Amino acid sequence: MGTVTIRLPDVGEGVAEAELVEWHVEVGDPVKEDMTLAAVMTDKATVDIPSPVDGTVNWLAGAIGDTIAVGSPLVKLEVDGPGGTEPEANPQEQLQTGDDPSERPSENIAPAAGDQHASQRADKTADDHFRSTVPPPRAPQRKAGEKPLAAPAVRRRAMEAGIDLRRVAGSGPAGRILADDLDAYLEAGDTTAPGRAAMVDTTVTEVKIAGLRRRIAEKMETASRRIAHITYVDEIDMEAVEQLRAAMNKDRRDDRPKLTLLPFLMKALVIAVREQPVMNALYDDEAGILHQHGGVHIGVAAQTGSGLMVPVARHCEARDIWSCAGELARLSEAAKAGTAKREELSGSTITITSLGALGGIATTPIINHPEVAIIGVNKMEVRPVWDGSQFVPRRRMNLSSSFDHRVIDGYDAAVFVQRIKTLLETPAMIFVEASA
Amino acid sequence: MNEMSCQFLVIGAGPGGYVAAIRAGQLGLDTVVVDSIKPGGTCLNIGCIPSKALIHAADEYFRMREAAAAEAIPGVTAGTPSLDWSDVVGWKDGIVNRLNNGVTGLFKKARVKLVEGRARFVDGKTVIVTSETGEQRISAETVVIATGSEPIALKTLPFGGKVISSTEALSLSAPPETLAVVGGGYIGVELGTAFAKAGSRVTIVEAADEILPLYDGDLVKPVRQRLQKLGVTVMTGATAQGLAGEDGDLIIETTKGEERRIACDRVLVTVGRRPVTEGWGRDELVLEMDGPFIRTDDSRRTAMCGVYAIGDVAGEPMLAHKAMAEGEMVAEIAAGHRRVFDHRAIPTVCFTDPEIVTVGLSPLGAKAAGIETTIGRFPLSASGRAMSLDREDGFVRVVARTDNHLVLGIEAVGATVSELSAAFSLALEMGACLEDVAGTIHAHPTLGESFQEAALAALGKALHV
Chain A
1 MGTVTIRLPD VGEGVAEAEL VEWHVEVGDP VKEDMTLAAV MTDKATVDIP SPVDGTVNWL
61 AGAIGDTIAV GSPLVKLEVD GPGGTEPEAN PQEQLQTGDD PSERPSENIA PAAGDQHASQ
121 RADKTADDHF RSTVPPPRAP QRKAGEKPLA APAVRRRAME AGIDLRRVAG SGPAGRILAD
181 DLDAYLEAGD TTAPGRAAMV DTTVTEVKIA GLRRRIAEKM ETASRRIAHI TYVDEIDMEA
241 VEQLRAAMNK DRRDDRPKLT LLPFLMKALV IAVREQPVMN ALYDDEAGIL HQHGGVHIGV
301 AAQTGSGLMV PVARHCEARD IWSCAGELAR LSEAAKAGTA KREELSGSTI TITSLGALGG
361 IATTPIINHP EVAIIGVNKM EVRPVWDGSQ FVPRRRMNLS SSFDHRVIDG YDAAVFVQRI
421 KTLLETPAMI FVEASA
Chain B
1 MNEMSCQFLV IGAGPGGYVA AIRAGQLGLD TVVVDSIKPG GTCLNIGCIP SKALIHAADE
61 YFRMREAAAA EAIPGVTAGT PSLDWSDVVG WKDGIVNRLN NGVTGLFKKA RVKLVEGRAR
121 FVDGKTVIVT SETGEQRISA ETVVIATGSE PIALKTLPFG GKVISSTEAL SLSAPPETLA
181 VVGGGYIGVE LGTAFAKAGS RVTIVEAADE ILPLYDGDLV KPVRQRLQKL GVTVMTGATA
241 QGLAGEDGDL IIETTKGEER RIACDRVLVT VGRRPVTEGW GRDELVLEMD GPFIRTDDSR
301 RTAMCGVYAI GDVAGEPMLA HKAMAEGEMV AEIAAGHRRV FDHRAIPTVC FTDPEIVTVG
361 LSPLGAKAAG IETTIGRFPL SASGRAMSLD REDGFVRVVA RTDNHLVLGI EAVGATVSEL
421 SAAFSLALEM GACLEDVAGT IHAHPTLGES FQEAALAALG KALHV
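Just so you know, the sequences run in chain order A and B.
Residue numbers for the first sequence follow full-length UniProt numbering, beginning at 1 and rising by one.
Residue numbers for the second sequence follow full-length UniProt numbering, beginning at 1 and rising by one.
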C-alpha cells in the first residue's frame, strides 16, 4: 500500500493556477483509472482532471472556489503497491507513506480539509457556483388537517408575517417548525400566500462569487479600470440587409447554415478594420505597444447557462459569409453545451456583443480587454422614418460600440461606425469589398 | 341621557372582558367596560376565587379535625378545632374585595373607563347602560360581548328556598348539616367536598354512571375513594325529581326506577352553566348562534362587523383562562394586530380532592381520533414527595404519538397537582416530544418529577417504577 499524489496538471498555456469548481469524489471513495476526480476552471474553460491510477481517495486539496496552483497536490490516493509516483514535498507525509499501513489512518492525513469538503458537499445545490447560504425550503410533511407544530412565539411571528404555518416545513423533532424554519421560509419568499402583509425584509443572503462568475468579475474589473471607454451609438436602416438575408436564406443550399444578422456584421467588420487596422488590435498598455492583427478573430459574447462566454470565430478575413455563419452556430452551440475548448474561448481581436431580442435601444459595452473595440447590437424594430414627404415604416437598429479612447479618438470611432453603417445599409458592398 | 363614545366597548367585566379592556387600554384604545357587578365577573366574585378560598379553609379545618382524632401524621395532634363559617366567608369576601379593587386599579392604570350598570344593545355599535343614576348611551367602533354564563336551573328544582346555586353556596352563614348536591360535575364535587370537610353530611346525586363524567375512570377513581373516606354518599344514575313539599326531602329516582328520599337542609344544584345570551338586547343585533353560544370565527368575530364575542358566551370550554386569552386577542386585533385563537392546549383543573388536571388529548380521545399512542404513567405512590406530603393517591399520565413521540395530552390526579398544569400546558404549546420532557431536569423532590417519570415510562425507560 502507498500513496499517490495527483498534482494539478498544466491545464493550458500560460496558466499558473486554476479554480476548483467541482469535486467528483469524496474522501474514502474508490476511484478507477481515468475516472474524473475534479473539475477546475482556468481562464474561461473548465477542465476535468482524471485519475491516472486505481485507488482510494484519502485527501482532497480544498473546497470549491479555492484556487490551486499548477503543480501543487490536488488529490491523494491510497493505492496498492509502493505509491508515491510523484515525489512527496511534505516530510510528514513522507513518513505516512511508510511500510506499516496501520499507522496511517486515512482520516489523520488531512482531517480539516476532509471535513471542510464534507460540509461543502452537503450544502451543494444544483447550481453550485451560486450557492446560497439558505437551503431551499422543503415541502412540509404533514397529514391534511394536522395542525402545524410550533412554539407560540413562532406561531405569533408567522401570524404577523401573514404566513400560514401549514405551508412551512419543520426541521425539529416530530416535524416541529423552529424559528429558523420560519426564517428560511420567509427568506425564500412566500409569494403564493394569500393576503400576505408587506413586511420589512432585513435578510442578507451571501452568494459566493466563484468559478466562471469570478472570472467574469475579474475581467470586467480589469477592463473597466484600465480602459478609457468611449461609447458611440448610431442608428442603421436594416431594410436592405434584411431583404438580402431573407433572399439568401430562401434559396440557400441544404448544406449551408441559415443566416442570421451576425454574419453580415462580421463581414462588415472585416472590411471596416481593413481600412482602420487600429480597431483590430490588442493594446499592451504596460509595454506601450499596440499589436495590430492582420487576422480578424471575432469574439461573439454569448450568454450561457453558467454565465457570459465569448467564443471566437477565428480568421474571419478568410471566411465567406456562409463559413462565418457556420462557425458562429458551431461555437455558440459548444459554449452553451459547455464543450467549448479553451482555444475556442480565447484569442479574439475584436468583439461583437448582442442580447438578441433583449437588445434594448442603447448599451454601453465593456471592451474585452486587451482589445480596443467592441460592437454592441441593439434591438431591431420597425420605426417611422421621414422619407422627405411622409413617414414610412422601416426596420431600424442601433449599434452601440465602445472604443479604447487611449488609442482611438472619437473621430476615428465615428468613422468606423459610419463605415459599418454604410456597408449594412448597402449590403452589396460587403460582397464587393470582400472580393476587392 | 348622557352620551359617550369610545373606540373599544366591552360588555361584561369578567376574566374575558376585563382582560380585553386592560389590553385595549394599554394599546392606546379609548376603552369603556360595562358591568352591573364589581369587576371580575363570575370567576372572581362567585366562582373560581371564592370557591377556592372556601375549599382551602374547609381543608384546613378538616386537617385539624384529623389531627384532633389522631388520624393525621403520627405525632401531630391537636385539640378540637372550631369553625366559624361566617368568619371564613368574611375572609373569602376580603379576598374577593381585594381582587375587585385590583382589577379596578388596573383599569385606571390602563385608562379604561368602568361604567356600572346593565348594558342593552340598541344596535351593533351602541348600547344603553341602565344604572341607579340613570341611563347612558355609549357608542363604539368595536364592541366585545363578554356576558359570561350562569348556573342552569332544573325545572324540578327551581332556585329558591333551600334550593341554591353555587353563588349562594359560597355565602352561606354556616355549613348546612345535611347537603344534597344535584349534579356531580366539577363544581358540585368541589363544593360538596368542601362542605363535607366543613362538617356537612353530603350526598352527591349524579344522573350519569359516574361523577365527573368528563374524565375517564382512572382519573375519577382516587376522587371517589377520597369522597368515601370523607363520608360523602355518591348516588350515580340517579335523577332529581323535586322536593317533597315546599321544604321537604329531595326525591330522586334511581336507574331502576325506584324512588328515594334524601333528607337535606340545602339542595345545591350544579348541573352546569349556560351562556348568558338574554337580557342584553341580543335581538337588536344580527348574530349567528352556535347552539346556545354566539357563533364566532377563530378571531372571535361574530356575524356582525366590529362585534366580537369572547369567553363563556362564545363557546366551550367555559373557563376563565380561555376567556382571558380571547380577551387579550380581540383587543390586539382591534388595535390593528393580526391574531387568531390558535392555542394547542387549554388546561382544565378540578379542585376536587385529589385535584385533577388535564391538558390535550386523553388516551380515549386519541384513540377516537385514530392516533396510535404510547402512554406513560407514573403513580404518586412511587414519589418521595407525595409520601412526605402524606398524599400518595394519584398519578401522572402522558399520552404521546407512537410514531414521533409528540406529546398529545397530559393528565394528573393528586393532591396539589393543579400547580403542574403550567408545565403540562407549556409542553403541549411548545410541541414537546417525550424526549424533551424526559430530558428536562425536574427538581427533586417535587411532584413535578412525576411528569418526567411518566415521559420516561412512555419511552420504556422509567427509573423509579
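In short, the hints are calculated from the structure, not lab data.
Please note that a few of the clues may not be correct.
Examples of chain B residues toward chain A, derived with CB under 8 angstroms [as the list claims (entries may be wrong)]:
#, residue
1, 106
2, 108
3, 111
4, 122
5, 123
6, 249
7, 342
8, 404
9, 406
10, 425
11, 431
12, 433
If you're wondering where the values come from, they're calculated on a predicted model, not measured in any experiment.
We treat Cβ as the ideally placed atom computed from N, Cα and C, and that holds for glycine.
Now for the hints, and whether the structure bears them out:
At about 23 angstroms, the closest approach between the beta carbon of residue 106 (chain B) and any beta carbon in chain A exceeds 8 angstroms, and the interface hint on this residue is violated. Below 8 angstroms, beta-carbon pairs count as interface contacts, and residue 108 (chain B) has none with chain A, the closest being about 29 angstroms; its hint is therefore violated. Because the smallest distance between the Cβ of residue 111 (chain B) and any Cβ of chain A comes to about 25 angstroms, over 8 angstroms, the interface hint for this residue is violated. This hint is violated: residue 122 (chain B) has a C-beta 34 angstroms from the nearest C-beta of chain A, more than the 8 angstroms allowed.
At about 29 angstroms, the closest approach between the beta carbon of residue 123 (chain B) and any beta carbon in chain A exceeds 8 angstroms, and the interface hint on this residue is violated. With a cut of 8 angstroms, the hint placing residue 249 (chain B) at the interface with chain A is violated, because the nearest CB-to-CB distance is about 51 angstroms. Proximity of residue 342 (chain B) to chain A holds as hinted, the smallest CB-CB distance being about 6 angstroms (cut-off 8 angstroms). A hinted interface residue such as residue 404 (chain B) counts as satisfied when its beta carbon comes closer than 8 angstroms to some beta carbon of chain A; here the least separation is about 4 angstroms, so the hint holds.
The closest approach between the C-beta of residue 406 (chain B) and any C-beta of chain A is roughly 4 angstroms, which is under the 8 angstroms cut-off, so the hint is satisfied. Contact between residue 425 (chain B) and chain A, as hinted, is not supported at the beta carbon level, the nearest pair being about 10 angstroms apart and thus beyond 8 angstroms. Satisfaction of the interface hint for residue 431 (chain B) is found here, the shortest Cβ-Cβ separation to chain A being roughly 4 angstroms, below the 8 angstroms cut-off. Here the hint on residue 433 (chain B) is kept, as its CB sits about 5 angstroms from the closest CB of chain A, short of 8 angstroms.
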